[in-house]
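**Student:** Hey, can you work out the whole structure from these sequences and the hints?
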Amino acid sequence: MAELTRLHPGPQDPAAASGADRQRLVLDQLPLAYIELSPSLFVTEWSHAAERIFEWTRAEALGRTISDLVVPADGRERIEKLLQGVLESETTPSGPAENVTRSGRRIVCDWANVRLRDSAGATLGVASLAQDVTWRAQAERALHESEIKLRALFENSRDAVGVSVAGLHSFVNPAYLRMFGYDRAEELVGRPILGLIAPEERGGIAQRARRRAAGEATDDHYETRGLRRDGTAFDMEVAVSTFEEHGQRQTLVFLRDVSERNRVVRALETSERRFRALIEKSHDSVTLLDARGRVTYHSPSYQKVTGRLPTDRTGGLFLDTVHPDDRARVAEAFGHILGAPGETVTMTVRTRVASGEWRWIDVVGSNHLADPAVGGIVVNFRDVTERVRAEEDRRKLEEQVRHVQKLESLGVLAGGIAHDFNNLLMAVMGHASLALAELPEHAGARDNVAEIEKAARRAAELTKQMLAYSGKGRFQLRTIDLGELLRDMASMLEVSISKKALLRLDVAAGLPPVEVDLSQVRQVVMNLVINASDALGERDGVIAVSVGATRCDRASLSETYLDEKLPEGTYVFLEVADTGCGMDAETKAKIFDPFFTTKFAGRGLGLASVLGIVRGHKGAVRVRSQKGQGSSFRILLPASAEPAQVLEAPGAVAGAGWRGSGTVLLADDEESVRSVGKLMLGKLGFAVELANDGRDALERFARAPERFAVVVLDLTMPQMDGGEALSEIHKLRPQAKVLLSSGYTEQELAERFAGRGFAAFLQKPYALEDLTRVLRAVLEETGG
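Once you know that position 162 of the sequence shown is 170 in our numbering, the rest is easy, because the numbers rise by one and skip nothing.
Hints listed in this document are in silico derivations from the structure and should not be mistaken for laboratory results.
Hints are supplied without guarantee of correctness; some may be wrong.
Said to hold, decoys possible - In silico DSBU-like pairs for lysine-lysine, Cα to Cα no more than 30 Å straight-line:
#1 Lys404 - Lys626
#2 Lys573 - Lys596
#3 Lys598 - Lys626
**Tutor:** Next up, the structure:
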């Protein structure tokens with residue numbers, strides 16, 4: 009493949025230069041733009057000098073044609089034809105061409121083009137070098153008019169030489185004439201030398217001459233402004249000496265036109281100031297590393313990114329400032345670019361800033377060790393912490409949305425299952441309770457029937473857990489002291505955990521109350537403690553259960569699982585911590601998924617139901633765990649302003665042996681529920697009339713409203729649901745005693761039917777004793 013050699017080697021070893029000198033070397037030694045084109049003339053490489061000259065960034069240039077970027081519209085056909093010729097022949101055309109920058113500015117560049125080939129001779133594309141020679145083209149046009157005079161200058165002297173006596177020209181060489189625009193020496197000889205000095209400079213020159221004539225020390229080498237014959241002024245360098253000839257004091261002057269040199273110097277100074285300002289004002293920092301990875305230079309922007317002075321850490325390893333978890337990746341990338349000069353590596357890592365905080369930075373590194381103008385590995389980096397945090401927040405939000413959608417979907421499923429499942433359990437529990445009522449105390453089958461009823465009740469609790477997982481569970485809320493509840497459960501918790509586990513309780517004094525469903529919160533505590541016991545396994549360990557109050561701001565609430573923008577304020581926390589095996593990140597991400605378990609066999613909804621119950625209480629869950637270092641689960645529940653109620657031990661079922669009288673209208677769309685309901689009501693001494701749905705119940709009630717002692721309505725029925733039937737029945741008989749039955753809880757029914765006048769609520773599935781208790785309360789309260 010064709011190769012390009014460096015046109016302007018550096019004047020000194022860059023590795024020995026200071027940071028400021030290095031920056032000057034980079035600007036001085038990289039005047040040429042290097043561009044590579046594919047066979048289709050699309051840009052495949054675009055150097056920093058190309059960015060500077062043509063004002064297109066590398067990212068903007070890659071993939072576009074060279075004509076689109078730098079060729080005026082009226083010259084594209086010629087340039088594309090020329091480049092096609094390079095691809096098809098061994099020629100390497102070069103020369104000046106008119107180009108256009110990104111901003112539309114017209115410039116002149118000197119081009120050299122060469123075909124790129126691989127080792128097999130196949131054409132890879134075109135490599136081009138371009139130098140901005142706009143100034144030179146302008147100068148060449150001016151110099152063309154004086155080409156003959158310049159030839160004479162080489163024959164005699166590069167400098168203009170003149171002699172004056174008493175301030176008047178006595179001799180000028182051809183270069184002198186050319187400098188000031190005269191044709192013949194006779195035009196200047198005898199004329200004052202001050203006439204060729206710009207008016208604003210004449211006073212200073214005259215004063216120098218007077219001091220020189222008086223024998224005073226003067227600066228005989230200086231710059232001033234000359235005045236050409238056509239009236240144009242220019243910069244010239246002056247060297248003066250005096251001599252005597254034939255007793256006459258004469259002045260010898262050597263003049264050199266330095267206008268172009270000064271223009272270039274001024275342009276370079278302007279360019280240097282511009283690029284220094286760009287580097288200093290840039291949000292990106294530039295760092296140079298040597299082959300060992302040690303820092304040799306930081307740009308001023310380093311302080312903006314890290315808070316440290318650019319001189320800090322110079323001489324130290326760049327790797328030392330990188331987060332330990334990212335160092336292996338950085339070391340691997342560094343080794344890669346060491347062996348791949350010119351190749352760029354990009355990555356996002358963490359670095360420690362002056363405040364001690366770890367910040368995310370985008371790092372772009374490339375190997376320029378072989379470039380004498382750079383002599384190092386260039387590392388550009390930018391602080392992208394806010395972008396990374398925004399992406400993490402977005403990822404977390406997306407995960408929350410997915411999980412909430414999962415909860416909502418399972419909530420719909422759980423609601424449907426609960427309705428049908430509760431009706432099935434009604435038949436099981438009803439018939440079991442009827443059988444128990446009929447069996448003698450010492451009957452052999454009595455224990456079996458009791459187990460059937462017990463299993464049915466456990467199945468009903470599972471239905472409640474499914475609703476709780478989805479966050480749609482309905483709770484019977486009471487205002488309690490959470491610490492008192494924990495102390496009340498202590499003995500039960502002790503017998504529920506491993507014999508090798510030590511249970512420690514820590515309850516803060518003066519806790520604010522919380523509004524909770526007692527049975528559901530007991531379930532949460534039990535699940536968390538058993539989970540902690542399982543984490544200990546067969547090892548000795550500690551399970552610490554603590555209750556306290558804390559003030560939660562938005563930042564602390566955002567760390568909770570499924571951060572659902574809970575309000576800031578006082579929360580009562582229940583924390584269960586263990587010294588068990590802990591969890592890795594993958595396990596921790598799945599613990600609240602339904603039916604996920606790390607056990608040898610499934611254990612139900614587990615932590616999923618904990619999450620659902622806590623969400624239903626407008627609370628939050630925070631989990632902290634590391635592999636091998638235990639876990640802690642903190643439940644946050646909003647504090648209540650209401651006073652705490654006294655916890656009561658569950659009492660015995662009232663109403664054993666009670667019997668009623670009269671007719672009960674039982675309406676349910678499930679035949680099994682109607683069948684077992686009729687048997688249970690008959691067992692209690694009631695006559696029973698059955699209805700298939702709400703409309704059927706209303707029609708039967710309308711025939712004889714005074715005949716029914718009680719009406720039992722299922723809430724969910726076709727044709728007309730229980731709520732609609734309730735309203736219509738009260739229109740016919742306002743004092744009618746109506747019981748609503750549903751898989752929902754009494755609290756929700758109270759909210760939905762507040763002021764609607766239903767007598768009581770009967771939650772499905774119910775057994776004979778449940779039905780007895782509710783009917784007795786309704787009839788005895790009203791004297792029925």
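**Student:** If a hint holds in the structure, say so; if it does not, say that too.
**Tutor:** Against the structure, the hints:
Simply put, Lys404 and Lys626 have alpha-carbon atoms about 20 Å apart, close enough for the 30 Å limit, and the pair holds. For the hint pairing Lys573 with Lys596, the CA-to-CA distance comes to about 22 Å; that is within 30 Å, so the pair holds. For the hint pairing Lys598 with Lys626, the CA-to-CA distance comes to about 22 Å; that is within 30 Å, so the pair holds.
Hint compliance for this structure: no hint is broken.
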